[in-house]
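Asks: Taking the hints into account, I'd like the entire structure generated from these sequences.
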Amino acid sequence: MADMELTGAEIVVRCLRDEGIKHVFGYPGGAVLNIYDEIYKQKDFEHILVRHEQAAVHAADAYARCTGQVGVAIVTSGPGATNAVTGIATAYMDSIPMVVITGQVPTAAIGQDAFQEVDTVGITRPCVKHNFLVKDVRELATTIKKAFYIAATGRPGPVVVDVPKDVTQHKCEYAYPKSVTMRSYNPTSKGHAGQIKKAAQMLLEAKRPMIYTGGGVVLGNAAPQVAELVRLLGYPITSTLMGLGGYPSPDPLFLGMLGMHGTIEANMAMQHCDVLLAVGARFDDRVVGNPKHFAKEAHRIIHIDVDPSSISKRVRVDVPIVGEVGQVLDEIIKHIKTGKEKPDQQAIKAWWAQIELWRSQDCLKYDRSSSVIKPQYVVEKLYEVTQGDAYVTSDVGQHQMWAAQYYKFAKPRRWINSGGLGTMGFGLPAAMGVQKAHPDAVVACITGEGSIQMNIQELSTCKEWNLPLKIILLNNGYLGMVRQWQEFFYEERYAESYMTSLPDFVKLAEAYGHVGMTIEKPEDVEPALREAFGKYKDRLVFLNFLTDPRENVFPMIPAGKGLSEMILV
Amino acid sequence: MRHIISLLMENEAGALSRVSGLFSARGYNIESLTVAPTEDATLSRMTIVTRGSDDVIEQITKQLNKLIDIVKVQDLTDGSHIERELMLVKVRASGEMREEMKRMSDIFRGHILDVSDKTYTIELTGPGTKLDAFLAAIDPAAILETVRTGASGIGRGDRVMKI
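For the protein sequence lines, the chains are L and S, in the order given.
The end of the first sequence is residue 591 by the numbering used here, with every number in the run present.
The end of the second sequence is residue 174 by the numbering used here, with every number in the run present.
Just so you know, the hints here were simulated from the structure itself, not pulled from any lab data.
Incorrect hints may appear among the rest.
[What the hints assert, rightly or not] In silico lysine-lysine, BS3-like type, Cα no more than 30 Å apart, as pairs:
1) K173/S / K167/L
2) K77/S / K157/L
3) K219/L / K83/S
4) K318/L / K387/L
5) K583/L / K73/S
6) K73/S / K212/L
7) K83/S / K220/L
8) K167/L / K83/S
9) K73/S / K219/L
10) K229/L / K212/L
11) K318/L / K220/L
12) K220/L / K314/L
13) K77/S / K212/L
14) K200/L / K77/S
15) K212/L / K173/S
16) K157/L / K83/S
17) K212/L / K83/S
18) K200/L / K173/S
19) K77/S / K220/L
20) K83/S / K200/L
21) K318/L / K73/S
22) K73/S / K314/L
23) K167/L / K73/S
24) K73/S / K220/L
25) K220/L / K362/L
[What the hints assert, rightly or not] Every beta carbon over 10 Å from chain L, so not counted as near; a handful from chain S, in silico:
26) L97
27) E111
28) F119
29) L146
30) A148
31) D150
32) I165
Note that the structure is predicted; figures quoted are calculated from it, not measured.
Note that CB positions come from ideal geometry on N, CA and C, so glycine has one too.
Replies: Right, here's the structure in full:
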């Protein structure tokens, strides 16, 4: 029987194979050498070597965001694990299904302050859905199966599996379980029938209805159901930063993003609606502002979410429905279709007239006659040149908001950004993950000169794998969002938000073996983009757009204020 | 309001730190926390005494339910229940104090577990308020050392928490 036994390292690799994994992002090190030796010997999946563990986790995270499958990263113990923490926390905040396998020092050395030892389970505990330390090779396969099951079901999230080096050497018989059941973990998928009926009734009674969707619609693959419901009723819909693409942005029923940098029409409609349907959204502080002033006229709020703890956390709701958003919406749609009642057309018409009045303020207008490049213009042109069909990743700051406002995402899983944690340095490795998942897709990373420098080393990974990303750097010489807050709220004391000595990004891109361009005039924006996506479509192109350093993101609701207290241009 | 929450959880390394970490990360109060394995060695039972508004308590129970290792959560305060806490208290017991301490211990249905020339060590069981009352009833200067377990709770009558 002994020859039937596999080492722990072989088991890790076999589990990944049997889970159907095709790409793994990672970085080797002492504690995972046995695992890497087995990776070397196999052909079932591709391992993408990054240049920093944080990037491996972001890439795996984005891979999950754009495919809906669980992303996988492998890092070593100690610094490998701590470098991965930012990536894990990023995925946790946005509920991204991911399994991160971390090496650990041998079990006998745990607690001895061994070389490259860190309490990975302890450090990651607050930013994972769950984590495991595997102390016995006989539990390895089941634990990995559990990790994938937990990561992908219910409200998804990252799961860490910490594997000590000796466990990767020990042997046992291998069998990958087809499924696992856990008495302590049974996520609810089907919504409560009575609540669903109530919700359908409430929606039909609404005079000023509003539908507010979040990342849960994207994660729950519920975009078709959302579209069906919205079109069936003819009600206005808005979406959070994380939900963009969950409903086609160019559609007239879509009021744009809501929240701190949301449109007037979306925020005002939230504030003045009488029935609010929240789907896979969590009433986060950047969305509702001050909960005391939130949706004051919304007499009734319906909230559908797979996570019971998201319900009535910040805002009290009247009809909570726990379940998979797609399934629940299907049921609501069925009720509405089979019932006799119809929406109050006259009231809905009047409501739309009010919304159009708000919309007519055209809050996303900007100076198009400027002789310097406006960042909004670059995003608009990117949208045109890519015909709205690119996968767009972003970093965090002003450029992220402009991307969200001006790139009109029509499909889910196309907009990849760190919404919850707000991780600068996410965009480039995320774009790598997307390009690996969709080798033929057009992938653009909208970034700032602050953010891009936080993981710029990955240009090397991009070269190794020939990833033809297009980096759209909106370079205003400032940490723009910090500068904007300093201008508005700190009497223009620009503390440490101006960067001198920026590198020559063109030379930098070239040094890594890519194409670099600097664009200084508005009239050169479109030709440069056309060149990048045309002539250089098979190359990574780093487009350094020198944009207006004084441009701000509008509209803006100052932190802690209500949704109707917007600052316009 | 004070709530007493019972948990059944997988008896696994790190389960306790998940619970205590949740409370500290989200800023919830813990007044007391007790935990021990149950008759089923794979399960531990924990009793947490906490304070918070209804909204906070609702979040606490939801967040606890969300922890993967937790099998069952019950807010005992929702129904009628019994709670008990054990206290060991070492008191000065010399001279005329000695007889007085014995009497007080009897009144509170305590047991003297250990005796020295100058001290008694008394075991007291009851709701937390009874233990507080005992400490308030004796001379504070006589108290040398106290140790309390925190409350354990169980539902009354047919109310059973089992998987």
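Asks: Verify the proposed pairing of K73/S with K219/L, using a straight-line Cα cut of 30 Å.
Replies: holds (24 Å)
Asks: Is it true that the CA of K220/L sits at most 30 Å from the CA of K362/L?
Replies: holds (15 Å)
Asks: Is the straight-line distance between the alpha-carbon of K167/L and that of K83/S 30 Å or less?
Replies: holds (23 Å)
Asks: Take a quick look at whether K583/L and K73/S sit within 30 Å of each other, Cα to Cα.
Replies: holds (28 Å)
Asks: Is the straight-line distance between the alpha-carbon of K318/L and that of K73/S 30 Å or less?
Replies: Given that 30 Å is the threshold and the Cα spacing comes to 26 Å, the pair holds.
Asks: A148/S: least C-beta distance to chain L exceeds 10 Å?
Replies: The claim stands: A148/S keeps its Cβ more than 10 Å from every Cβ of chain L (closest is about 43 Å).
Asks: Would you say I165/S is clear of chain L, with no C-beta pair closer than or equal to 10 Å?
Replies: holds (21 Å)
Asks: Below or equal to 30 Å on CA atoms is what counts here, so check K83/S against K220/L.
Replies: holds (29 Å)
Asks: Quick one: work out the minimum CB distance from F119/S to chain L and report holds if it exceeds 10 Å, violated otherwise.
Replies: Fine: 40 Å to the nearest Cβ keeps F119/S off the interface.
Asks: Determine whether the non-interface label on L146/S survives the test: each CB of chain L must be over 10 Å from its CB.
Replies: Per Cβ check, L146/S is outside 10 Å of chain L; nearest 36 Å; holds.
Asks: Taking only the CA atoms, is the gap from K173/S to K167/L under or equal to 30 Å?
Replies: Holds, at about 27 Å.
Asks: K229/L and K212/L: Cα distance at most 30 Å?
Replies: Distance ~28 Å between K229/L and K212/L Cα, so the pair holds.
Figure legend: structure checked against the earlier numbered hints; every hint is met.
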